[in-house]
Amino acid sequence: MNRDYQVTAGAEVHCELKSKTKMFSDSYNNYGTMANTNINEIDFAYPGTLPTVNGYAVELALKASLALNCKINKKMHFDRKNYFYPDLPKGYQITQARSPIGTDGYLEIEIDGITKKIGIHDIHIEEDTSKSTHYKEKSFLDFNRNGVPLIEIVSEPDIKSDKEMVAYLEKLRETLLYLNVSDCKIEEGSMRCDVNVSVSKTETLGTRTETKNVGSIHSAGMVVLVEAKRQIEELEKGNKIQEETRRYDEKENKTTLMRIKEVGNDYRYFPEPDIPFLILEDSEIERVRENLEVLPDARRKTYLEKGISLGNANKLIQNKQLSDFLLNLEDIDLVIASNLLLGDISAYLNKTEKTLKETKLTQEKLKDLVKKLSSGEITNKVFKEILTELMETEFSVQEIISSKGIETINDKSYLIEIVNKIIEGNKNSVDDYKSGKDRAIKYLMGQIMKETKGSANPSLVNQLLLEELSKR
Amino acid sequence: MSKYLDKSIVEIHQLLKKKEIYPIDLVEEAFNRIEKNKDLNCFITLNKEKALKEAKELENLEVDNLLFGIPIAIKDNISTKGLKTTCASKMLENYEPIFDATVVQKIKDKHMIIIGKTNMDEFAMGSTSRTSYFGAPKNPWNKKKITGGSSGGSAACIASRMVPLALGSDTGGSIRQPASYTGIVGMKPTYGRISRYGLVAFASSLDQIGPMTRDVYENALLLNELVGRDSNDLTSAWREEEDFTRLIGKDIKKMKIAVPNYFISDIVNLEIREKISDMITLLKENGATVDFIDIDYIENAVTLYQIIAMGEASSNLARFDGIKFGYSIPNPESLEDLYRKTRAEGFGKEVKRRIMVGSYLLSGENAVTYYNKALQIRDDIRKSFQKAFESYDLIIGPTTTTIAYNLDQDIDDPIKSFLDDVLVIPVNMAGLPGMNVPIGFSSYQMPIGLHIIGNSFEEAKMYQLASWIEKKLNLDLIPKEGESHES
Chain A
1 MNRDYQVTAG AEVHCELKSK TKMFSDSYNN YGTMANTNIN EIDFAYPGTL
51 PTVNGYAVEL ALKASLALNC KINKKMHFDR KNYFYPDLPK GYQITQARSP
101 IGTDGYLEIE IDGITKKIGI HDIHIEEDTS KSTHYKEKSF LDFNRNGVPL
151 IEIVSEPDIK SDKEMVAYLE KLRETLLYLN VSDCKIEEGS MRCDVNVSVS
201 KTETLGTRTE TKNVGSIHSA GMVVLVEAKR QIEELEKGNK IQEETRRYDE
251 KENKTTLMRI KEVGNDYRYF PEPDIPFLIL EDSEIERVRE NLEVLPDARR
301 KTYLEKGISL GNANKLIQNK QLSDFLLNLE DIDLVIASNL LLGDISAYLN
351 KTEKTLKETK LTQEKLKDLV KKLSSGEITN KVFKEILTEL METEFSVQEI
401 ISSKGIETIN DKSYLIEIVN KIIEGNKNSV DDYKSGKDRA IKYLMGQIMK
451 ETKGSANPSL VNQLLLEELS KR
Chain B
1001 MSKYLDKSIV EIHQLLKKKE IYPIDLVEEA FNRIEKNKDL NCFITLNKEK
1051 ALKEAKELEN LEVDNLLFGI PIAIKDNIST KGLKTTCASK MLENYEPIFD
1101 ATVVQKIKDK HMIIIGKTNM DEFAMGSTSR TSYFGAPKNP WNKKKITGGS
1151 SGGSAACIAS RMVPLALGSD TGGSIRQPAS YTGIVGMKPT YGRISRYGLV
1201 AFASSLDQIG PMTRDVYENA LLLNELVGRD SNDLTSAWRE EEDFTRLIGK
1251 DIKKMKIAVP NYFISDIVNL EIREKISDMI TLLKENGATV DFIDIDYIEN
1301 AVTLYQIIAM GEASSNLARF DGIKFGYSIP NPESLEDLYR KTRAEGFGKE
1351 VKRRIMVGSY LLSGENAVTY YNKALQIRDD IRKSFQKAFE SYDLIIGPTT
1401 TTIAYNLDQD IDDPIKSFLD DVLVIPVNMA GLPGMNVPIG FSSYQMPIGL
1451 HIIGNSFEEA KMYQLASWIE KKLNLDLIPK EGESHES
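Protein sequence lines correspond, in order, to chains A and B.
Numbering follows the numbering used here, with no gaps: position 73 of the first sequence is 73.
Each number in the numbering used here corresponds to the 1-based position in the second sequence with 1000 added.
Pulled out of the complex, with its shape left as it was, chain B reads as follows (with noise of 0.2 Å):
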């Protein structure tokens, strides 16, 4: 059986540049992984069908762009004109989009190919893609354990070599911390730089797409097409273009580091933050300054998350009422019928419980007391990390406080769920850009990743250090198949 989708996308494109290889080969492969892994449960809808049928047409076209005819993965919220768009939920189930979402349009623009929709939390909202209607996907390191969210199909799909490329959503860590507990890098850009038109919103102001890959640099080259203003969301940014691989291979020497003291404090579990300290001394050995400071506010960000998150998408998921699209009951009695009984039968209880909690948050002077406070807050820990901004390069940290844990661990937990993010938050919140880059493993080899905050529009920087680390530290991020764990 071949082996393309183990080398690097230069390396593939090359062999499809000289026609040793079609896309074809790719995408038959790809899904050959798919199928060999369905356990893993990646993926809710494969895309085989017309992937296989495009793979075919491109071979008349020229190979025009590094990623031309390279299968991608995009997260089941993202929507995909004709490929059903379910973000995991019952809601959904059959929900076909008549329209491509911005990025979408850019991927078929350069002719990567659509493999199909990954599995996640029920619309985007969890950290461990348990609350998918579609049954949890699984840690490709340890079966047993969880991939973290909600990006978790996404994440597990790239960490099991099926696919080079993914699309994932961050809200409040879903790219990270899935990134994290998989050995992947994650990207969320800063808030603006990619468009979110046809991203299903969760929460419109934290909300942002972003790309998951297995290394450094094919992390950058998917970025470089994802990005742009787009006149169709206002809140995407005007910047000039720029290539966010130019500063890869540069060296770090002189590079000032900050890390903020909450994020080594003892909420981080003992081997991840001995792996970070051990990163600290290779990278002061190699020239970096690396200081320990504070910033303000950063301990309230899971709080203000919650009600910011909360209210936002008690409103964006008001327009699943059953009656234009999505599930719907048969014969309801009334109006009233049909709100509560498609409503209670379509959504699963995480985001039930989020839309009541939310709608509680913005009721009369609730919204006052908590909503309005909130955001008032969210702005004093933007100011707080521009300040650290004005002394250092980049922040770092540990992206999560533990290592991916068991899929029926806290189960009915719902705060624990927040808790797990609580390091990848405060990045949403302040709107900046934050990557995770795999830095080692735990005793009983599961993944641990370092996160790296950048300042707004400073993705370029953050990508040079951590292909520095990824050089240095040269781990084999590859799952060993077969071979069991203990925890």
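Isolated chain A (complex conformation) (with noise of 0.2 Å):
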């Protein structure tokens, strides 16, 4: 690409909030159920009807706007904005064109190690629209999304390159995510994205145009590249950008133009006047913020100090059920938990297709699972052999071994005569040890562990073995 542009995007990015009911109704905020059902007069927008405020929805909103450290609105209205089209049943959005929750507000991400701040332009919270669908010469129309909250996350014209367009969605996904303010699911369409590019060989910002629901996070940073490219040869060529709404096609990775922007689109933007002012007061807003959930940075900082690995760090911020399970449980080897957390337990929910919290897996069960593993008190076979009733059953870890049968052997004699018999039986090792090599050891173990069927306590049989080769 040419090298004396420099490149600039902004993202303007929609969230469904997860409220369980509509902003201005109390019909029900459902994905996936069948079309037209959760609607009532109000999202008809049946002549009489007012709208009323979802207080969830807003604390929801307050939130976001927290977490992405923006200015509070304290005193907020709603505006109408209004145009004609069929999914929008009252000819008008309900939105915050000039009292948005939030303004003024950042977002950091990293690339290549380097940390900078996006800015947040605003937060402001509106009203879906229905859903409307084509077929052949017909237009069909679900009044179920229509009403669901949103919240609309403006940023700054701060990200520069394609790889901060991904960390900034990726990064902002993840916040929200993490908020539980919104599933963020682009494929359902619980996340929509809007991807601004300009182009400048000067200080001054160029002609920008919008790519309008960009399919995924990926895709959106496809958009910053191929657009500035093609903004970039169009203006060697001479031409002028046009201010214009694009589409991205994923195919063919290019963009294509949807419409020209009329000028000065007209929305006859007013103060809603069915809504009074909303105030939120000081403590209400402290409230929300002491009870935020911890971020996704802070809890990556948690698990690096503990000692978990940046892989496993970076795959326990992913599941987010999994990082929530170890939330106050900093205290015990996390090591030992994120492990147990990403490898068996893991697989077993994907092989049951269960989520953590309908197993009978406690955080309690969890620990003192933890301490026995490090204690030795159990081995990972034994554990291997009890998750399943872990799992499914009520009872503790301690109550699962006894019914099994399963105990771990301690007693000292018995492993003692055990450890001997190994060390008669394999000489060869035995020399290999006593002539410095190490790797015996581990067999010995295994064969002394074998013997045992893996019951005996492995910390206790490594401290018996080591005494009595020296005895030799």
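The set of hints was computed from the structure by calculation and includes no laboratory data.
You may find that some hints are simply not true.
No farther apart than 16 Å at their CA atoms in a straight line, the calculated lysine to aspartate or glutamate pairs in the EDC-like style are these [unchecked claim]: (1) B:Lys1081 <-> A:Glu41; (2) A:Lys81 <-> B:Glu1365; (3) B:Lys1324 <-> A:Glu330; (4) A:Lys138 <-> B:Glu1333; (5) A:Lys138 <-> B:Glu1336.
Work from the hints to combine the two standalone chains into their complex.
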């Protein structure tokens, strides 16, 4: 790409909020239910209906605003954005044009070890439109989505490359997921992304284009690349960039023109007269701030401090239910705990298609398990043997072990007998050990564990083996 | 033929209580009277079958409140479940709501009987009821005259004693002005007093439902049942329960009353001014203080009203797109075609005019130049009224500048309609309560009304003055049948 040009990009991200009911009515906010079942007269804009405000959705928007370091508008108002389209039953969308809940925030991203702040211009609350489907000559409308609470997060034009775009969107998604604010499923439309791109040779920003409804975070990065390339080519040809709306074609990896932006697109905004000012009390803001979920960055930091590898730390962050399970368990051996969760427990969950919450594993049980494993009270083999019971019964680790008749052998005199029997039977290995080959110990240990069917306390065996060998 | 509907509600209540009459007697009488006065064109839809059935069912219930079994008429922009709500528009000619407005639910809870839906200006846009798709209602005092509007049907059906109670709505005088033209009592309560849920919106920040009745006491009785915070309407107000009749009968000595100079300036018909002047004398003679004052900005109210009401209306009426309910043209060629033709054919001339002007006023920079500016001055009007209420209990003046005029007069003058409301509009702009009480007749025997304006949520005090005047004047307010008047 032509290095004379600076690429500038911004993102407008819509996220559906995870509330039980809609933003301005009490019908359900449920994805995937039969078309036109989650609707009432308000969603349908029957004459005479009025909006009410979903306080929980406002709280979710407040959480997002606080987590993205925004200034909070304590006196908010809603506005009407007027336009005609079949998916908009009132003929206007209720949004926040003049007093968005959050402004002037930022999100930190990391690229190649360097941290960068991406500014958040504003976060505002609005309602989703209905879903229209077109088939042959006909169009179909599903009003279930109508009125679903949304936040739109508008970034500053601080994004300078495709990599930064991907990092920003991934970080944003991760943050909102951790806040429990949104499902952020791009494929289901609960997160939607518009990408603005411009290029310029000078400090002044060039004319930007907007690429709507980009299908994935990866694609958003691609849009920055291909759109910048296209714009530079146009400019080099002596053409001007027009303010326009484009769409991204994933197969062809290029953007195509949707429509030229009308001059001063006229939405006839005015304050929504059906909803009075909404006042957020300081005490309310503080309550929400204090109860904010621990965000991924803080969790990652803890994991690394506790000795978890960066790879495993990231795997935990990616799987929020596992990461949540480790919250408030900082006093146990997190390395063992994370290995269990990412290893056999994840395998179990995958196999049974369950979530952690659907199993009988509690934080208490995990804590107990990790302690018993780290003290050598039970072996990894025993853990594997009792895994199913751990996940599927209410019994404690101890109860399961007892009921299955697998006890760890801690009987010293019995173990010494076995240790000596193995030493006698493996003279070669003993000689190897004596001549400095440490690997021999592993082999001998394995033989002993085999003899005890894995139920010997391994650290005790190790200690006894070394003692017995030193006597020879 | 029975004449129960000429009796007061208290008298009717006693008869019902003693089982000397039954609700069915009232309902049948109401329908007889409506039938006899069909030419007044007060109703768009009658609820005859259901009303008769309900009346029968009420016979099994205890007569538990003053309004039990009383026939009531509802303006046709207030949603009634399963009963057509047309807003006097072709657009909603066959529209049946699937829910009751909050006020309608309250009326049903008290076992009042809904007789029908009254005629009005289309979507309440007008001041003569002549923009109705179903033709204008006629004034019972003189059938050549307008009823006023937009709640013209409700006003006329009360004036002609078809029913004792009616609901109207008032965005810029639509209860008070027709009440004045027809010689009845009409109250527009404080904005937020009554839930707007189910009232088809014209201008959301101004619309308010209110009672229209034969006398002051019955008006207060009906208001008692309509008010209250509604979780479905965020603009409805939390207030402690109160009895609006509680000050009725109390003396008005020492009451401090203001008359804005603008309200008695030469914009007002001379005969009306004389009546107001007589009223001022009467009040003074009876111990009230009456001062003439200036209220800043009220002369701008109509201009501001046009901007705010039409701006909001242009947005509120966007939902009528031919897709979900109401009129829809058959076989549209495209989406654009569906929108254009449905709205061109479904809306009347005045409605379209206001939508167009409203859209223009909110477009681009205009929103800042006009709408936002109007909101600011509106706040100034509110403040100047507030200032007046620091020194006065009530403000009075005429309700209208003219007496009800001929049905064919000024029909092509869209501005005239707003000028009719120049005295009532400032009250909506300030969100205050305002009411009309009849105070006499013109030389041609047409009613003249007094406009009483109260401070926010002081409707009880307004009823106090209104009922005092009513008692003092003791006017005969029943239009005489068959009597012809000259204009």
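Outcome of the hint check:
no.	hint	in the structure
1	B:Lys1081 <-> A:Glu41	holds (12 Å)
2	A:Lys81 <-> B:Glu1365	holds (15 Å)
3	B:Lys1324 <-> A:Glu330	violated (57 Å)
4	A:Lys138 <-> B:Glu1333	holds (12 Å)
5	A:Lys138 <-> B:Glu1336	holds (15 Å)
Hint 3 from the earlier list is the only one contradicted by this structure; the remaining hints agree with it.
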